[in-house]
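Peer 1: What follows is the residue order along each chain.
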Amino acid sequence: NAGVTQTPKFQVLKTGQSMTLQCAQDMNHEYMSWYRQDPGMGLRLIHYSVGAGITDQGEVPNGYNVSRSTTEDFPLRLLSAAPSQTSVYFCASTTGSDEQFFGPGTRLTVL
Amino acid sequence: AQRVTQPEKLLSVFKGAPVELKCNYSYSGSPELFWYVQYSRQRLQLLLRHISRESIKGFTADLNKGETSFHLKKPFAQEEDSAMYYCALRGTGRRALTFGSGTRLQVQP
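Respectively, the protein sequence lines represent chains A and B. The first sequence begins at 130 in the numbering used here and counts up one residue at a time. The second sequence begins at 95 in the numbering used here and counts up one residue at a time.
Worth flagging that the hints you see were computed from the coordinates, not collected in a lab. Everything numeric in this text was worked out from a predicted model, so none of it was measured. Heads up, some of the hints might be wrong.
Okay, the calculated bits of chain B under chain A, using three or more residues with CB under 8 Å as the criterion [unchecked claim]:
| no. | region |
| --- | --- |
| 1 | 112 to 123 |
| 2 | 163 to 173 |
Only part of the chain A face toward chain B is listed, based on derived beta-carbon distances under 10 Å [unchecked claim]:
| no. | residue |
| --- | --- |
| 3 | A153 |
| 4 | M156 |
| 5 | Y160 |
| 6 | G169 |
C-beta atoms are modelled at their ideal positions from N, C-alpha and C, and glycine is treated no differently.
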């Protein structure tokens, strides 16, 4: 199993550009989530999904959209990037016993 | 609202010294507490959870509901313990985790 995969690993955007961060898992987990990691602030939940077709907002959802058309994929979309969205983004999927498996992260810089 | 506080950004100890990484939480119900660890160039991974009450890599953590704490302890630190440690809380009936801001542990030779 590849576990949780994320692409790209690094990305530089200009303010106002849009992009999609990809996340996929091959463990058949129903629950998936997106976090952003900022210095001194730990990980903050952006959006999460309890299964295909179901998504909900986390702590810091503004500026981000998600969709969950399949169990495997949970992409995160930035519609109009802002410098405040410069961060490291982690995708995670969760087992039935609530252990979260994290992807390797995407480091995003918005100029 | 639920909150996790890790008061130390950096904890530096010498090899063989005891380690205690502090974690305090606020939550009105009965939470589930976790410690996650991120070694250099590796992804975040679960270290231990309070319901399993086990020792992983020599680390233990006891949930103290009276003090609302879940401190991570190890009697003798090793250089390979150097990493970023995050305390996390899961509220009753929820799947999402609330993370603390993290503590970087540096174990010097």
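Peer 1: Let me make sure I understand: some of the numbered hints might not hold for this structure. Which ones are they, in numerical order?
Peer 2: 1, 2, 3 and 4
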